[in-house]
Amino acid sequence: MCALCGVFGVAEHWSDGSAQASTGAERQHRVAVANRCLAAYGLSLSDWAGRYILTTRTGASKIIDNFGALWPEAERLTGRVCDPLDRDSINALDVRAAVR
Amino acid sequence: MNDLWAAPITVNLLTGFLGSGKTSLLRRLLRQPDLSDTAVMINEFGEVGLDHLLLEAVDEEVVLLDSGCVCCTIRGDLKDALLRLYGRRQRGEVPPFRRVVIETTGLADPTPIVATFAADPMLKHHFRLGNVVTVIDAECGGANLDCYEECRKQVAVGDRLVVSKIDIAGPGKTARLRARLAAINPTAEIIESGEADDAAAALLTHDVHDETTRPDEVRRWLMAEDAMIHDHDHQDHEDRNRHGDIRALVLSADKPLDWAAFGLWLSMLLNRHGRKVLRVKGLLNIVGRGAPVVVQGVQHLIHKPVHLERWPDNQARTRLVLIVRGLDPGLIDRSFHAFMRLGVEARPLQEAVSSA
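Those protein sequence lines, which keep their order, are chains A and B.
Counted the way the numbering used here counts, the first sequence spans residues 1 to 100.
Counted the way the numbering used here counts, the second sequence spans residues 101 to 456.
Next up, chain A with everything else stripped away, as it sits in the complex (with noise of 0.2 Å):
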C-alpha cells in the first residue's frame, strides 16, 4: 500500500497490458505461453484467485502476481538461470517448433 495516499495494489506490471488481461480466458493463454518455456526448467505455472502460483518438480510454490515477478522467483526455486539468451535455450525453441 502507498503510505502517502492509502492505495492499495499499486505494483501493477507493464505485461498486465489492459483490462483484456484479467480475463479468465486470457490468463489461461499466459500460463499456456508461460508453461511452454517454464518445462525447460523444470517449473509450472498455475492460474489462481487472480494471481499465479509457481511450482516446481518437488511440490515447493510461490505465490506471483504477474510475470514481472516470475522470472526472479524461477531463479530462486531453481538455483538456475533464466536467461531468453542463452543459445541452448534458443535452440531448443527452435528444434520444438521444427517438430511441430
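Worth flagging that the hints you see were computed from the coordinates, not collected in a lab.
Remember, predicted model here, so these are calculated numbers, not experimental data.
There's no promise every hint is true.
[As the list claims (entries may be wrong)] Distance condition first, Cα-Cα at most 20 Å in a straight line; then the derived EDC-like pairs of lysine to aspartate or glutamate:
1) B:Lys376 <-> A:Asp86
2) A:Lys62 <-> A:Asp47
3) B:Lys404 <-> A:Glu26
4) B:Lys224 <-> B:Asp310
5) B:Lys404 <-> A:Asp65
Here the structure of chain A is known, so what remains is to put chain B in place on it, guided by the hints.
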C-alpha cells in the same frame, strides 16, 4: 479529486556531460510559460550556475540533495526527496506542480535514476518518467563519446538530444556529431540548441504519454526503424548503429504477435539483462487488438502500454528498437522470434478449450 491531483506527475531527466550546457537549457526551459508549474531538483546547488533570480523564483520548489552525486545515493536520497516534495505539494506547502525536472551531474550515469522509478511502487504510483533530455555540445561531444561510457549512456537513453555550442563547433563538426548521435540512438529527436530556444517547452511537454503528440512521436520512431531495417537488408557497408559496445537494433515481425509471449520474453530479458537494455521503443501488432500498441521503456522501467487509434504509416507490422550494451543483436533477434512462436503454439489450444 480533480485531474491535477489524480494525474501522475511527469518527471523529466535533464542530463549531459560536464560543461555541455544543461544549466543554460534549464534556465531557458523554466522561462517558458508552459513549464511554469515545474519543480526542479538539482544536486550541485552551489555549482550549477543558475542565476540568483531564478533560484529565488523556484526557491520553494527546489529540493537540494545533500550528498554529492545523485547516482551514488539514488535509492535513498532521490526517492526520499521526491516523496518529501510530493508530501509538501499535498499539504499545500508548495504550489501544485505538474512536473519535476531532475538535473543530473555531468558525470552521472542516468540509468540508476530510471531504475529507482522502476523499483519503487510508491514512486511509480505518483510519478511517471517523461522525456529524458540529453545535452551534448558540438565542440567536445565527439571526444566525450569516444572517452566516456557515461556520455554514451546519456545519449543512448535520451528521448531528445540537444546539441549545444554549434556556433563554436561550426557546421561540419556539428553534422558529424549529429550523425554519430543518430547512430547510437536512432529514435531520439536531435535538436540544435537554437531550435531548442524556439520550442524549448516541447522538449518536455511533447512525449508519448500525451495523446495529442503521441502519433507524431511514434511516426518518428517508425521512420528510424524502417531506415534501420533498410540498412540491415543492404549490408554492404559497416554497421552504422554500432558504437563501442552500445548497439541499436530493430526487431520486426509481419504477423501479429501474441501479447502474452511478448510479455514473457521481454520480462525475462529485462530480469537477466535489464542493465544492458538501455532503451526499448516501438509499435506492436498484437493478435486480437485492432489498434497498434506502443511499448517503450528505459532499462527495467517499461511504461504501461498505450494504443494508437491507427497505424501512423498504414503498415500494420511490429517494429521495435532496442538499444543494448554488450549484448549480441543476432541472439536477441533469434530469441525474440523463438519466444513469439510460443504464443502461436498456445493460442490454438486455448481457443479450442474456450470454444469447447
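For each hint, the structure was consulted:
1. B:Lys376 <-> A:Asp86: Holds - the C-alpha atoms of Asp86 (chain A) and Lys376 (chain B) are around 15 Å apart, at most 20 Å.
2. A:Lys62 <-> A:Asp47: Answer holds: Lys62 (chain A) to Asp47 (chain A) is near 12 Å, not above 20 Å.
3. B:Lys404 <-> A:Glu26: 18 Å, holds
4. B:Lys224 <-> B:Asp310: Holds, at roughly 18 Å.
5. B:Lys404 <-> A:Asp65: Since the Cα atoms of Lys404 (chain B) and Asp65 (chain A) sit roughly 16 Å apart, the hinted pair holds (cutoff 20 Å).
Every hint, counting from the list given before, is met by this structure.
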